[in-house]
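*Asks:* Go ahead and model the full structure; you've got the sequences and the hints to work with.
Protein chains in written order, with this note's numbering: chain A, 1 to 585; chain B, 1 to 228.
It is possible that some hints are incorrect.
The calculated label-pair distances, taken between Cβ atoms and stated as ranges, are [what the hints assert, rightly or not]:
#1 T15(B) - T297(A): 34 to 44 Å
#2 P209(B) - V251(A): 36 to 46 Å
#3 K110(B) - E267(A): 53 to 63 Å
#4 T15(B) - T412(A): 55 to 65 Å
#5 G492(A) - R26(B): 36 to 46 Å
#6 G492(A) - A114(B): 25 to 35 Å
#7 A336(A) - P209(B): 45 to 55 Å
#8 R207(B) - P539(A): 26 to 36 Å
#9 P60(B) - Q287(A): 49 to 59 Å
A partial selection of chain A residues facing chain B, derived with a Cβ cut-off under 10 Å [claimed, not checked]:
#10 L321
#11 V324
#12 T378
#13 A381
Because the hints were derived from the structure by calculation, they are not lab data. Keep in mind it's a predicted model, so treat the numbers as computed, not measured. Note that beta-carbon positions come from the ideal geometry of N, C-alpha and C, so glycine has one too.
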Amino acid sequence: MSTGTGPEAPGLRWRLLGALTAVGRSTVRVLGRVTAVWQRSIQLRVVTATLALSLAVVVLLGASLLRQVADGLLDSQREAAVADATAGINTAQLQLDAADDAEPAAVGQLLTQLVQDLVNRAGPGGLYDVVLVGSDDGDPSAARSTRVSRGVDPASVPTALREAVVAEPRVFSTYTEIVYPDDDVRPGLAVGGQIAAPVGGLYEIYYLFPLTEQQQTLDLVRRALATAGLLLVLLLGAIAGLVTRQVVTPVRLAARIAERFAAGRLEERMTVRGRDDFARLATSFNQMAGSLQRQITQLEDLSRVQQRFASDVSHELRTPLTTVRMAADVLHEARADFDPAVRRSAELLQDQLDRFEALLTDLLEISRFDAGAAALETETADLRDIVLGVVESALPVAQRTGAGLLTDLPETPCTADVDTRRVERVLRNLVVNAVEHGEGRDVRVSVRADEDAVAVCVRDHGVGLKPGESSLVFHRFWRADPARARTTGGTGLGLSIALEDTRLHGGWLQAWGEPGQGSQFRLTLPRRAGAEVTRSPLPLAPVRPAEDRGLTGVGGPYRRLAASAEPPTRTDGAPAPARPGVGRG
Amino acid sequence: MCGMKGRVLIVDDDTALAEMLGIVLRNEGFDPTVVTRGDEVLAAFHEVKPDLVLLDLMLPGKDGIDVCKEIRLESGVPIVMLTAKSDTVDVVVGLESGADDYVVKPFKPKELVARVRARLRRSDDPKPESLSIGDLDIDIAGHAVRRDGETIPLTPLEFDLLACLARRPWQVFTREELLEKVWGYRHAADTRLVNVHVQRLRSKVERDPEHPEIVVTVRGVGYKAGPA
Chain A
1 MSTGTGPEAP
11 GLRWRLLGAL
21 TAVGRSTVRV
31 LGRVTAVWQR
41 SIQLRVVTAT
51 LALSLAVVVL
61 LGASLLRQVA
71 DGLLDSQREA
81 AVADATAGIN
91 TAQLQLDAAD
101 DAEPAAVGQL
111 LTQLVQDLVN
121 RAGPGGLYDV
131 VLVGSDDGDP
141 SAARSTRVSR
151 GVDPASVPTA
161 LREAVVAEPR
171 VFSTYTEIVY
181 PDDDVRPGLA
191 VGGQIAAPVG
201 GLYEIYYLFP
211 LTEQQQTLDL
221 VRRALATAGL
231 LLVLLLGAIA
241 GLVTRQVVTP
251 VRLAARIAER
261 FAAGRLEERM
271 TVRGRDDFAR
281 LATSFNQMAG
291 SLQRQITQLE
301 DLSRVQQRFA
311 SDVSHELRTP
321 LTTVRMAADV
331 LHEARADFDP
341 AVRRSAELLQ
351 DQLDRFEALL
361 TDLLEISRFD
371 AGAAALETET
381 ADLRDIVLGV
391 VESALPVAQR
401 TGAGLLTDLP
411 ETPCTADVDT
421 RRVERVLRNL
431 VVNAVEHGEG
441 RDVRVSVRAD
451 EDAVAVCVRD
461 HGVGLKPGES
471 SLVFHRFWRA
481 DPARARTTGG
491 TGLGLSIALE
501 DTRLHGGWLQ
511 AWGEPGQGSQ
521 FRLTLPRRAG
531 AEVTRSPLPL
541 APVRPAEDRG
551 LTGVGGPYRR
561 LAASAEPPTR
571 TDGAPAPARP
581 GVGRG
Chain B
1 MCGMKGRVLI
11 VDDDTALAEM
21 LGIVLRNEGF
31 DPTVVTRGDE
41 VLAAFHEVKP
51 DLVLLDLMLP
61 GKDGIDVCKE
71 IRLESGVPIV
81 MLTAKSDTVD
91 VVVGLESGAD
101 DYVVKPFKPK
111 ELVARVRARL
121 RRSDDPKPES
131 LSIGDLDIDI
141 AGHAVRRDGE
151 TIPLTPLEFD
161 LLACLARRPW
171 QVFTREELLE
181 KVWGYRHAAD
191 TRLVNVHVQR
201 LRSKVERDPE
211 HPEIVVTVRG
221 VGYKAGPA
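*Replies:* Here it is as structure tokens:
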């Protein structure tokens with residue numbers, strides 16, 4: 001930890017950290033958006049790629065072009081310069097050889113005159129300057145008897161050139177920077193060679209040719225290349241954009257039309273223009289669309305016909321069924337007056353008619369689901385009230401088997417947008433099933449709600465379900481135990497209808513069971529109409545509290561403990577005013 | 001048992017069903033008459049002067065709905081619809097055209113008989129009483145509702161509904177309570193009956209049925225009488 005510089009230091013650090021994090025986060029966000037646009041647009045990718053590649057090509061070409069031009073310009077200049085210098089040096093040598101004077105002073109004068117002559121040879125334009133340097137003692141840096149024209153700085157001659165000239169009696173040349181009076185520095189070419197003076201030994205002569213013009217030309221060429229290159233790259237990018245647009249536009253159009261078709265506008269077709277690949281695409285799409293439209297319309301018609309048929313059939317069946325029922329009822333009422341065989345027949349008739357009627361109702365209901373004709377009539381209702389109503393109406397059935405019906409309802413409201421008739425039907429089916437398969441043991445109905453969903457669990461401790469049966473149980477006409485089927489009644493369609501009712505709400509209906517441990521059915525419904533269920537407020541497999549184990553039969557400790565929570569039996573139709581919770585100890 | 005209050009007019013195009021209904025009702029002590037065509041109903045109605053009409057909706061000659069409306073124009077006699085359709089639309093249409101109740105085929109004969117009895121029981125001796133809701137005067141004994149001296153015609157059921165609410169103007173009645181008090185049904189009957197009858201009542205007694213002041217809805221609970 002740092003030695004605090006005061007209470008402000010940590011605050012500052014936090015602020016800095018905060019600022020950095022904010023910057024980091026916004027960068028990530030921007031990057032994310034850029035990536036998204038990148039991934040979505042073919043045009044962008046093509047144009048960028050074209051721009052990048054053409055930029056690279058242009059740069060390469062430009063560089064090589066520039067190099068060639070430079071070489072060309074400078075090489076010819078160099079040749080001319082070397083020729084001039086060589087001629088000049090030879091002339092100077094001849095002049096010196098011709099002079100016979102041995103006096104140093106005269107030699108000095110002669111040398112100065114020589115420099116002037118050489119410069120004048122270039123004409124009034126001053127194409128070059130000359131530097132004469134003595135190199136007697138071999139030390140090139142000695143400025144002894146240096147003569148220059150027009151005040152050029154002798155340091156303009158690079159050391160490397162001087163070394164080379166001193167070493168060999170040949171003409172060497174190199175590029176250098178020429179320093180003129182007033183610190184005027186220009187790029188130039190230095191060409192030099194040896195001359196021998198009669199007295200004073202070896203001298204070096206250097207010709208300095210300024211290359212400003214060449215430099216200017218090169219600059220001009222460079223600028224021109226750069227401008228042209230940039231323009232070229234931009235134009236290529238634009239061309240690439242235009243070309244891809246030609247391809248992308250029909251594709252986007254096709255995508256839009258396909259989306260509209262998928263949304264339900266089955267008459268959408270693409271316009272076919274010409275005979276190219278797009279035309280083929282359009283033609284194929286239109287064929288597919290036409291075929292789909294035909295099939296969908298056919299299926300819709302079939303569904304309508306089936307629904308009509310089912311409703312007509314049911315209507316036709318109902319009237320004779322009513323008459324039969326009334327007749328059976330009359331016989332049933334009068335059965336005391338019949339002899340035993342006829343009496344028994346009257347009873348069987350009555351029972352089977354009940355069953356027949358239930359089956360007919362269920363079949364009609366299922367056919368309505370199949371035809372997609374089932375409609376949801378929602379209202380806001382409290383599931384606790386519905387559960388209480390269902391439990392109440394199931395009491396007679398429960399009493400017959402000796403089972404108790406327990407309710408576990410929370411204190412908070414469990415409202416949801418539901419079709420009460422359907423939800424009642426589902427819960428009635430679950431509760432009656434639980435009682436019938438509960439083998440006389442208690443059935444417990446619990447309700448819970450969270451923010452998005454409400455759940456009802458019906459738990460029984462009967463035969464239970466074998467592994468794998470928890471999904472089979474919702475199949476039409478499936479029975480867990482075929483022998484049981486004919487005794488407890490029921491149409492075999494109850495759970496299938498319950499499942500369809502649940503699906504209409506957008507909810508879940510699931511079963512859990514274990515052989516000998518009983519089963520639990522859970523209904524989960526969304527609280528808002530149209531929403532989908534993502535989680536359930538209650539677990540599907542029941543939590544096993546300690547009291548739940550070792551339950552052997554009617555009259556076990558659990559039952560006695562919870563008996564006080566049974567809703568009181570009612571004889572009139574008034575709804576329950578209070579909401580009982582579970583009395584657990 | 002039933003003397004005066006026993007004549008039932010059965011209207012159904014299925015002769016077997018109608019005959020069977022007749023047998024059942026006669027067994028229960030009623031006096032049934034059968035009509036099988038919609039265009040013959042009105043004549044029979046005038047001739048028989050029934051205490052209750054059982055009306056099937058699918059009739060040849062004239063539609064059951066039209067027959068119901070015709071009968072309603074003349075009389076407040078209890079009408080119970082018999083229908084094979086239980087869809088809300090059909091039920092509501094029937095109830096709105098004047099029926100007091102409906103029974104879906106196939107029905108348990110006992111259930112039908114119970115409903116018939118309930119409907120017939122309603123018109124028994126009223127205690128002389130005078131109530132008011134809003135600006136309406138309700139004369140219980142005379143079975144009449146008046147506003148500014150002008151009588152508003154209501155069917156017996158609509159009258160009973162209004163009277164029930166008026167007797168306890170502070171109390172909110174749930175639909176189940178109304179079904180028990182007014183219709184006499186104790187168990188699991190369709191609360192749509194109440195909804196449609198409230199609508200019918202409102203269309204007759206309210207100044208503005210869209211903003212009811214006489215029969216007020218209490219959201220999530222039921223109905224009650226508006227302030228006097």
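*Asks:* Decide, hint by hint, whether the structure agrees.
*Replies:* Results of checking the hints against the structure:
In this structure the supplied range 34 to 44 Å holds for T15(B) paired with T297(A), their Cβ-Cβ distance being about 42 Å. Between P209(B) and V251(A) the C-beta distance comes to about 58 Å, which lies outside the given range of 36 to 46 Å. In this structure, K110(B) and E267(A) meet the distance hint of 53 to 63 Å, their C-beta atoms being roughly 56 Å apart. For T15(B) paired with T412(A), a C-beta distance near 58 Å keeps the hint of 55 to 65 Å intact.
In this structure, G492(A) and R26(B) meet the distance hint of 36 to 46 Å, their C-beta atoms being roughly 38 Å apart. Our hint of 25 to 35 Å for G492(A) and A114(B) holds, since their Cβ atoms are close to 30 Å apart. In this structure the hint that A336(A) and P209(B) lie 45 to 55 Å apart at CB holds, the actual value being about 54 Å. Checked against the given bound of 26 to 36 Å, the beta carbons of R207(B) and P539(A), roughly 55 Å apart, lie outside it.
For P60(B) paired with Q287(A), a C-beta distance near 50 Å keeps the hint of 49 to 59 Å intact. With 10 Å as the threshold, the beta carbon of L321(A) comes within range of chain B, its nearest partner Cβ sitting at about 4 Å, so the hint holds. Annotation: interface hint on V324(A) holds; nearest CB of chain B at approximately 8 Å, less than 10 Å. The beta carbon of T378(A) is not positioned within 10 Å of any beta carbon in chain B (closest approach about 13 Å), and the interface hint is therefore violated.
Annotation: A381(A) was flagged as interfacial toward chain B, and the flag holds, the nearest CB pair being 9 Å apart, inside 10 Å.
Going down the numbered hints, you'll see the structure goes against 2, 8 and 12, while the others check out.
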